[in-house]
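Residue-level listing of the chains:
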Amino acid sequence: MTPLPTWQRGMRGWWRRDPAFRRYLLREATSVAIGAYALMLLAGLGCLVAGPAAWQRWEGLILSPVGLLLQAVVFAAAVIHAVSWFRLMPLTIPPLGRPGRRLADGAIHAGAWAASALCSLGLLGWLVYGA
Amino acid sequence: MNARFRRSHEPLFWLLFGAGGLLAALVLPALVLFTGVIVPVARGPGGEGLLDYTRVLGLLAWPGARVALAGSIALLAWHAAHRILHLCHDLGVHAGRGLKWSCYGSAALVSLLACGLVILLPSP
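First to last, the sequence lines map onto chains A and B.
Every letter in the first sequence is one number past the one before it in our numbering, and letter 113, counting from 1, is 113.
Every letter in the second sequence is one number past the one before it in our numbering, and letter 23, counting from 1, is 154.
Extracted from the complex, chain A is given alone in its bound form (with noise of 0.2 Å):
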């Protein structure tokens, strides 16, 4: 007996669909700049090592016209990062509160932004006045 003909959803251009799909591309998308923003502070700490000449070429490098553009973008992927992650959090972390009486999502969100809120302007005032 041959198999019965089954059709398959072409997914050439799936995002095209949906405006939800686009938005959930430029989510992961947002991973690409923080990759990549990752790499830069590596090699600054590399230049770090190497000494003050090479540290003044990479800070030369991040304040130059092109490395503000950049980070601009890095800027963006991080806002739209947050906003999602922050978010999806009540669907990803486990169930809090007692059993029947789940914690609002209201609440996870106001709790992680109060979080973030919080580290944010502690890494500013250590970076800025720390040493």
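Derived by calculation from the structure, the hints in this document are not laboratory data.
Treat the hints with care, as some may be off.
[As the list claims (entries may be wrong)] Simulated restraints on C-beta separations:
hint : chain 1 : residue 1 : chain 2 : residue 2 : range
1    : B       : W193      : A       : A115      : 19 to 29 Å
2    : A       : G10       : B       : S139      : 42 to 52 Å
3    : A       : R102      : B       : W145      : 18 to 28 Å
4    : B       : D183      : A       : R102      : 42 to 52 Å
5    : A       : P95       : B       : D183      : 44 to 54 Å
6    : A       : W113      : B       : P171      : 45 to 55 Å
7    : B       : L143      : A       : G60       : 33 to 43 Å
8    : A       : L91       : B       : R138      : 20 to 30 Å
9    : B       : H225      : A       : R22       : 17 to 27 Å
10   : A       : R17       : B       : C246      : 37 to 47 Å
11   : B       : P176      : A       : R12       : 55 to 65 Å
12   : B       : V172      : A       : V49       : 26 to 36 Å
[What the hints assert, rightly or not] Some, not all, of what chain A presents toward chain B, calculated at C-beta under 8 Å:
hint : residue
13   : S31
14   : A38
15   : G46
16   : L48
17   : V49
18   : P52
19   : F75
20   : A78
21   : W85
22   : F86
23   : P90
24   : S120
Cβ coordinates follow ideal geometry from the N, Cα and C atoms, glycine included.
Dock chain B against the given chain A, drawing on the hints supplied.
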């Protein structure tokens, strides 16, 4: 052992992806704001700035800061590697053994380099 019941590596990578994602959501906007806006704006008239060589070495004199820096670079790399791997799959690139090894291998290499470099950092 039967291949059907072999344990998956996925939870380990997902843990690193999640940790990096949480870290990025918590502090990455602030960090990029610092390196991209605050540093160029706060530059002094004599060219002295927040990212001067000795100042940065001073900030990193505390061992906790070195661990945090290396850990942050590594986690951001693992986060990006995992998501880029799945992004490739979504865009129709087969996420086979080769792509997996390149993505996670790059993240592992970045982690190793970050840990090694942070140990080699000179004291101020």
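Checklist entry - Hint numbers the structure violates, sorted upward? => result The structure breaks hints 2, 6, 23; every other hint is satisfied.
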